[in-house]
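Asker: Chains as they are written, first to last, in numbering that gives the first Met the number 0: chain B, 0 to 104; chain X, 0 to 226.
These are computed hints drawn from the structure, not numbers from a lab.
Some hints here could point you the wrong way.
List of simulated lysine to any residue pairs, SDA-like, C-alpha gap at most 25 Å [unchecked claim]:
no., chain 1, residue 1, chain 2, residue 2
1, X, K181, B, L91
2, B, K37, X, V143
3, B, K28, X, K181
Examples of chain X residues toward chain B, derived with CB under 10 Å [to be verified]:
no., residue
4, T39
5, I40
6, F49
7, V50
8, V76
9, S89
10, R102
11, I118
12, A142
13, G163
14, V195
15, A197
16, A200
Yeah, the Cβ is synthetic: ideal placement off N, Cα and C, and Gly gets one too.
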Amino acid sequence: MNTWLWGLILVAGVLTFSIRYSFIYLVAKTGDLPPRAKRVLAYVPPAVFAALVIPEFVAYDAGLHVAPDQLTAGVVAAVVAYRTENLFATILSGMLALWTLRFLL
Amino acid sequence: MSIPDPSEIRRGARDVLPLVPAIAGFGLVVGVAAGNAGFTIPQAIGLSVFVFAGASQLAAIELVRDGAPFLVVVVTVVVINLRMMMYSASISSYFRDHAERWRAALAYLLTDQAYALSISHYRENDVDDTRAYYLGVAFPLWAVWQTCTIVGIVAGANIPDSWGITFAVPLVFLALLVPAMKDRESTAAAAVSGTVAAAGAGLPLNLGLLAGAGCGLLAAVVAGDVA
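Chain X extracted, bound-state conformation (with noise of 0.2 Å):
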């Protein structure tokens, strides 16, 4: 197999530009949460380059700080991080072909901004090697975050949240969502995904956002059924 198409790398790298202050902000806020909860600069270090998944990070350090079991820690992680199963299954046959290798690399990477760019990126273009585009979106998600929970951890400093750049997530995801919802079996998805998520914000463990997703899904197998 060759190497990733450059053209399709820098075209990931692009979209994944306006993420890049949001991605800081909040790597700077897990880096400084981590160094007030006790944690050395190595274990802040060990834990975004072995967990990678910035919720569940924040989520473990506060109940690190807070003194709670290895058991309670070890659960919320894998429950805040389960939709990335969703994630792995949704875009696991457009990297079926690529060496073993190259899948471990690539689940490694696995985010939401990572998977929502690509998995829509696939869908409105026909991609001969998925691995480039994919790499130019992670990576420099992975390189940014690493280096801003360092710089969080040492410098002990956080971008205003007045300032609003966070909003570009959610924003992206926007952008992405209208083309999405582009038959009625995905407007039902997103419809009642997008409810069922808001009523749910509340609970423990973003499971508003797994029991949104669940119920999208089966909104859109019964409005294809009914069809």
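So here's chain B without its partners, still in its complex pose (with noise of 0.2 Å):
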């Protein structure tokens, strides 16, 4: 158990590093990437952070499932990120939504 759960977690470590590490240390040898490549990955960011926040508030799960309290708090917080672009505003507020309706509502 010791000796397979240290391996483990070597292989698992390495494994890791190497997808983290993998463009950012092949675009340093091999120049910029194509035009094209270049063009899709400026939508990364829209893309993946949509992806890591809708599910949030949202998701189907062998059932649509909305958590209300987060939903709400999300709405309060994408205006006042729209309003404001402020990264603390946005927070602070969704924050404050949040426990408002959990604990005071």
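Using the hints, build the complex out of the two chains.
Answerer: Have a look at this one:
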């Protein structure tokens, strides 16, 4: 169990690091990515951020699951984000909305 | 190359501060889970130091507890962490001019949060030395993560779920998503990606996220070609 687990930790660690390093390593060796690839990569932030955010509010997992308090707090935070484009204001408004819904109402 | 700019480091640290309670809470959960699954303290530390990726660590711990085969655990970790290859590709042009040793260190510290805050910062500001802000974000996350997984396995203590502190993580991505949707293509990317990820939330191995991001990128290209 001990050697097995240590082996697992090391292999998982090396592979995870390889994933992280992959393109950061390659691009410095090969020079810039082709223009078409760069064009697609420019949309990674909106695509990834949305994929990280939306399932926190609405998710389908053998039935539709909606987290009403998180969804409402998320809408409040989205409005603040749109109006202010300020990270702190967005987080603060979202957390305050969540706590208000959970503990005060 | 000079040392990273201290004011940019501070700016990164300031931006990551609201995430610290959430990461601490998640770190505690992973530490407690490792203890319950029979990891020794050095092994729990080893997992956090070598893998340093919360969702995959938690999945690996549960599989080890249930006696899963070696290969199943490794493949699970790799698939869950595959999304970071997108981050690596997306951020690579900003790291291209740093020395190899620096690039390896920056890559080791790559997380959802470090990627999201840094790429947004680079796109909105004219950044001279990209290491500084990134380190200001990524290193505190690393330190909090290591500390809290240890506290979790030693003390066996969690923060109650109902406090909702982990909600700060999606809020940060939301705060970064809104300004990232600045044209037709990026809005299409976000709309399609979010929908597919929500529909695929029940898929194993975080595949909903990968599927969502993939479809979102495709949607952006289509929206650009149609325009």
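Asker: Now tell me, hint by hint, if it's right for this structure.
Answerer: Status of each hint after checking the structure:
1. X:K181 <-> B:L91: Given that 25 Å is the threshold and the Cα spacing comes to 23 Å, the pair holds.
2. B:K37 <-> X:V143: At roughly 33 Å apart (the allowed maximum being 25 Å), X:V143 and B:K37 break the hint.
3. B:K28 <-> X:K181: Roughly 32 Å between the alpha carbons, so the hint for B:K28 and X:K181 is violated.
4. T39: holds (8 Å)
5. I40: It is violated, given that the least Cβ distance between X:I40 and chain B is near 13 Å, above 10 Å.
6. F49: holds (3 Å)
7. V50: The hint holds - X:V50 has a Cβ within 10 Å of chain B, the shortest such distance being about 5 Å.
8. V76: Holds, about 4 Å.
9. S89: holds (4 Å)
10. R102: holds (5 Å)
11. I118: Given a least distance of 5 Å, the restraint on X:I118 holds.
12. A142: violated (18 Å)
13. G163: Constraint on X:G163 satisfied, holds at 5 Å.
14. V195: holds (8 Å)
15. A197: holds (5 Å)
16. A200: Check passed: Cβ of X:A200 comes within 4 Å of chain B, closer than 10 Å.
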